[in-house]
Amino acid sequence: MDKKYIPELEKIVGPENVITSFEERLTYSYDSTRLEYLPDVAVKVRDAQQISSIIKLANDYNIPVTPRGAATGLSGGCLAVKGGISLVMVEMNKVLDINPIDLLITVEAGIVTEKVSKAVEHLKLFYPPDPGSMKSSTIGGNIAENAGGLRGLKYGVTKDYINSIEVVLPTGEIVNMGSNTVKAVTGYNLVDLMCGSEGTLGIITKATLGLLPVPADKVSILAFFKDMTDAAKTVRDIVAEGVITATLEIVDKVTINAIEDFLKIGLDRTVGAMLLIEVDGQKGAVEIEADIVMKVCSANNALLVRRAKNDKERDELWAARRAALSSLSRIKPSTILEDATVQRSKMVELINAVNEIAKKYNMLIGTFGHAGDGNLHPTILTDLRIPEEAEKTEKVIEEIFNATIALGGTLSGEHGIGITKARYLKLELSKPVYDLMKKIKNSFDPDNILNPGKMECNWDF
Amino acid sequence: MEPEAKVKIKKEKFEILKKADDLFVCSRCGTCLAYCPIYKQTLDESLTPRGKMSLLEAISKGKLEYTDRISEKFYTCTSCNLCKEECPSGVKIDEMIETAKSDLIDVNKYPEVIDILKDRIKKAYNITFDSNIGRLDWVKALPEGDPRKYVKEKADVVYFVGCVSSFSPRSFGIPRSIVQELDSAKVDYTLLGEDEWCCGFPLLNSGIKDAASDMAKHNIEAVKSKKAKLLVLSCPSCYHTWKHEYPKYYDGEINFEILHISEYLLRLVKEKKIRLKPLSGKITYHDPCDLGRNSGVYEQPRDVIKSIPGIEYVDLEANRELSNCCGGGGNLESVNQALASKIALSKADEIIKTGADIVVTSCQQCNRTIDAAMKKKKKESNVKVKVIDLPELVLQSINSGKENS
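In order, the protein sequence lines correspond to chains W and B.
The opening position of the first sequence corresponds to residue 1 in our numbering, with each subsequent residue numbered one higher.
The opening position of the second sequence corresponds to residue 1 in our numbering, with each subsequent residue numbered one higher.
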């Protein structure tokens, strides 16, 4: 490939930030999907102006540009599937402003998610979205994918905390979208359009994020049930009793057994489901809510209910849930983490459907996830090096998606479409909606240089 | 001293080819990015554990050769192993990196400093340019400064001093404290003197496997010849090598107990052979990677500190299994000193955050690295935290009040 544009890139960011060696490009070719697409060049950027210049260059030479944060994504959002430039954002990682009066923080997009909360810890504030990868992932990546987390039921997801953003458009302009007021209805809600656009509509360079006061008190409760049905009824009844919990995590039997194999902490292997519930808020209110949760668990035939009395016990209760994915991933070489999502009321039906699919294909699937918001993580354990296994895995995924859509759910609750789910788009979207998405993309990016090949499918296939 | 001429060894198959299954387990999830001290300072993906695994996978699939550039990546690592501790997929990252280094040695692509090191150890059995006769020079400043008094024919306990504490004057406080403590506890002990050879850790860590068996055999037999029941070590890397590596390289039986000085001091305190007297101040403890994460010794040094009356103990925010490397691990300092020093400064910030007056460690290398970083911090911001090693603290406690009484 002719790379005449390399010297020009070097002029923009300095030669030390232009990565061309095969070895090093290889390390910018993957993300958490474990797929690999080699970029022609990786470029480390420092500010919006540099990005704007690169974008203009990319338009001149017609080179694809794919923004990349920490590459922890699970749908391939940052993979340079058409080659070109991998735009490495991690050095844009500064906190620019903290505004405790208006509960806002302004950061560069490459900052690590967890560092946002750390930056305001001393003010007893926090940034609520907590995706599983928050210790490594970047805010820019979180916004591009509209990342979720454990606290969705009470605290929502990334999009609920984005007040305004600075974006480099695919045509090179640096623009601001949104407003730092609590209310704002001026023009189209472009912030929400950008949030979840998977880097196809613009490159987010700065964001002003909403913060909340750290709750004064929190209580964790762990409960075991004979089956998923009792656990799911408990979830329904907790909400029906008027308690909106901060977290409401469910873990199935396959996963419980995997955790016990791994941690050996004395979990009862005969139980069918585990719920891990956390309530937070003002001191007295938390006590009342915790009591209600305990009662609802017992009323739904919980086999055992434990309430953490202090931080140490809380950590112990959480140990099992935290180890869910690690434990499952040790069973087989490949771990496929899906994020099929249905309404809370349809969760048991989805779990049953997943179990049926697992049985039909003789595939081990452990399911855990965010029961409060119906966002499950059926985790397929397989070995993708064996062609028959890989083929079977594809079928299992497709059947899980079919079941999810049949229940009125969505392909992806928080991981995004990217390339891994793109071919299933037509299960959920109508043709006119898909076409509208393409028109939006085209109006933003007429030369199709920004993250091409994502959220795209061959509709007639 | 000329480094030994490099011998090119043609290898049909790299060791890493046998590890394809282990390499496949890495899911590229990126959890290691949050923990790798190298990535935290450089933000360079090609230096992350995940990046290294992807390079090795490419090599194992024949897509890539070992190159000089790749060699640089693999020797840019502190071997702190925090990545392995936190890896959700259980990738044996340490083993993979060790294998890569061993392959790199075979294909003759490794930092020159390793040849110098190899040469020194081969010629003088220690990591310095000095003759091994100098092993006991540090004894001379002691009240009973005759080195011969410290080397007996037979003894219950052998104290293995380690190269750095034997030859680097700034670390002499450690062995000097230890022998005074052993004397005060009336332990029947001996040093090995010039019969103490480098444990082999610097070579093993660089990927030179074959050198270790000679070291293991010589050192084990030297301890055996003293009819010792117990071997005590103050260097965590020596301790790790003796405890976890030597058994792999030695056919015979290792018929004596092996303890790190922190474990042995706790034993002596519990047996009331050492009497700890009051000290004052707020103390925190840094877990050396080779003692903590890589050998599982976390509580003993803390228990020794907490046994000292009058002090206030506070843990670092990241402690025990999650302790952050001081930057002095692996051979990073000899291949990239600026990077090692950045890591050390970040460790110093962590220590300062605790509000402690004293940071105790149990490793001459951590001690030196953290001390250098603290001196820089003092220049910058006038914060002062004293850095001392556990045996030095214990000696202060034993002698506490003596000057005034």
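In case anyone wonders, no lab produced these hints; they're calculated from the structure.
A few of these clues could be false.
Below, in silico cross-link-like pairs of lysine to aspartate or glutamate (EDC-like), each with a Cα-Cα straight-line distance of 16 Å or less [to be verified]:
#1 B:Lys353 with W:Glu121
#2 B:Lys84 with B:Glu65
#3 B:Lys40 with W:Glu91
#4 B:Lys63 with W:Glu91
#5 W:Lys115 with W:Asp97
#6 B:Lys375 with B:Glu392
#7 W:Lys118 with B:Glu350
Just so it is clear, the structure is predicted and the values come from calculations on it, not from any experiment.
* Which numbered hints fail -> Per hint list: 2, 4, 6 violated.
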